[in-house]
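Asker: Generate the whole structure from the sequences, applying the supplied hints.
Here is how the chains run, residue by residue.
2 protein chains.
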Amino acid sequence: MAKVDTSLVAHLPLFAGVTPEALDEILREARSARFPRNSAIFEQGADAQSFFLLLHGHVRAAKTTPTGEQIVVRYVAPGETFGLAMAIGAARYPATAMAVDDSVVLVWPTSAWPRLVERFPALAANTLQTVGTRLQESHTRILEMSTQQVEQRIAHALLRLAKQSGKKLDHGIEIDFPIGRQDIAQMTGTTLHTVSRILSGWESQGLVESGRQRIILREPHKIVVLAERNADNGAA
Amino acid sequence: MAKVDTSLVAHLPLFAGVTPEALDEILREARSARFPRNSAIFEQGADAQSFFLLLHGHVRAAKTTPTGEQIVVRYVAPGETFGLAMAIGAARYPATAMAVDDSVVLVWPTSAWPRLVERFPALAANTLQTVGTRLQESHTRILEMSTQQVEQRIAHALLRLAKQSGKKLDHGIEIDFPIGRQDIAQMTGTTLHTVSRILSGWESQGLVESGRQRIILREPHKIVVLAERNADNGAA
DNA sequence: TCTGGTGTTTGCGGTAGCGCAAAACGGGCC
DNA sequence: GGCCCGTTTTGCGCTACCGCAAACACCAGA
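Quick mapping for you: the protein sequence lines, in order, are chains S and U.
Under our numbering, the first residue of the first sequence is numbered 315, with each subsequent residue one higher.
Under our numbering, the first residue of the second sequence is numbered 315, with each subsequent residue one higher.
Hint data in this document are derived by calculation from the structure and do not stem from the laboratory.
A few of these clues could be false.
All copies of an identical chain are treated as equivalent in the list; a pair is satisfied when it fits inside any one copy or across any two copies.
To be verified - With a straight-line cut-off of 25 Å between C-alpha atoms, the simulated SDA-like cross-links for lysine to any residue are:
#1 477 - 406
#2 477 - 460
#3 536 - 382
#4 477 - 457
#5 481 - 534
#6 536 - 381
#7 477 - 379
#8 477 - 402
#9 477 - 403
#10 536 - 379
#11 536 - 380
#12 536 - 480
#13 477 - 326
#14 477 - 380
#15 477 - 405
#16 482 - 525
#17 536 - 484
Answerer: In structure tokens, the structure reads:
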């Protein structure tokens, strides 16, 4: 069993209100695991045998249709939990999780959850908070997809990524894990072609700088303006 | 304080694993309230002072953009909770709730939640389950909006409503609360015009029968087929 | 250094669905 | 019964975006 430094995770929202001793006990139930870039952590539809806390790296959660199309549910940043199928009482994972960067995770067996929750009710309360926040974000995303056009949705998506996983540069913010046009398309409900066209446009205006699996927001402020302007005040 | 018959609510998922005595104690903290059709229960952005359990009627939760567009987050059926802003640690309601039919609700002050959860941890666990399920439904909706076209999305939306709040008829299923074209548009990310056109088409094929704020699915089975067929096998 | 493969760019139609506008409908209320 | 108002229907043009296809760039590995 891996020894985990409690000080690294003690401040996480998941463990709010949990005493150091309790935290130690919780962590003793976990093991840690490493996933290299582009390896699957679990597959949609598979038995939900574990749940996870990401320590290092980045994980992409995606949902696939029967016909093979995918959407990105979210990108998981270090410190966040994922694979919480048991939270919704599901026996199978509703999405596929894949490491987009070399990643390190803590892994608990799903079977440990009921016991942990019983001993440490704060875990349930904290998880409820997390899931509730995600639900709200999800609604915001639906709202955007319903009311905004593609360019604004892409702007929002990139700004969110920058906020969650942005690396500050001298001039601009870089999204610090590999992400392609197709991924952005799957976050915003469009196609990689359209994403490419729009990013090209932005690039020629100096708003972004991008390449293979790489995006830098050079003018985050101007992108915020793009994101917030509504359909008709485009050419003001 | 209203006396509530515990037997009416004891079987609800929210109260799973809660003893009758505990249930009684929980209900003592609530009052009941009546909202006539088309009255607001709470407004988006208002102080989240209460949370609710719907006993009778139907409630529409909708989110509004700064520019005034709306989407329907969900329709609440009897037995479901809503207005759980505290679950996500939010001080304000993220959406507007409105009774679409004369409705009766149980109301708890938000301030009672922490105490209840502490005394009855099962409440948090059950709520986590509920919120988790909603999150998953939300993801499904995003998936649909990303990959399906309007006709299929409307088919799915109506089938979901029929399942949740359908009244069985001799021949077909009626959605048993008032719902207009605009509402369906706001559930599916389209316009009332397009909804109207599609329902007209279906009506001429005998799939549905509809009128002012009223929809009957006459051939649910055929609508399922519509919902499941993908873009290119339309004219097979 | 060359070479294969994956990711990206760009052009060019085609079209699903939007937006506006106007008419028809229908139900409630006096 | 007749009037008024909110809902629904339908026509018509338009455009944002998709879908296909081909060229292009870049990285990894031989």
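Asker: Each of the hints needs a verdict: does it hold here or not?
Answerer: Status of the hints after comparison with the structure:
no. : hint      : verdict
1   : 477 - 406 : between (31 Å within a copy, 23 Å between copies)
2   : 477 - 460 : both (23 Å within a copy, 24 Å between copies)
3   : 536 - 382 : between (36 Å within a copy, 24 Å between copies)
4   : 477 - 457 : both (20 Å within a copy, 24 Å between copies)
5   : 481 - 534 : within (13 Å within a copy, 51 Å between copies)
6   : 536 - 381 : between (38 Å within a copy, 20 Å between copies)
7   : 477 - 379 : between (29 Å within a copy, 22 Å between copies)
8   : 477 - 402 : between (28 Å within a copy, 20 Å between copies)
9   : 477 - 403 : between (31 Å within a copy, 20 Å between copies)
10  : 536 - 379 : between (35 Å within a copy, 21 Å between copies)
11  : 536 - 380 : between (39 Å within a copy, 19 Å between copies)
12  : 536 - 480 : within (17 Å within a copy, 48 Å between copies)
13  : 477 - 326 : within (18 Å within a copy, 39 Å between copies)
14  : 477 - 380 : between (32 Å within a copy, 22 Å between copies)
15  : 477 - 405 : between (33 Å within a copy, 22 Å between copies)
16  : 482 - 525 : within (18 Å within a copy, 56 Å between copies)
17  : 536 - 484 : within (17 Å within a copy, 59 Å between copies)
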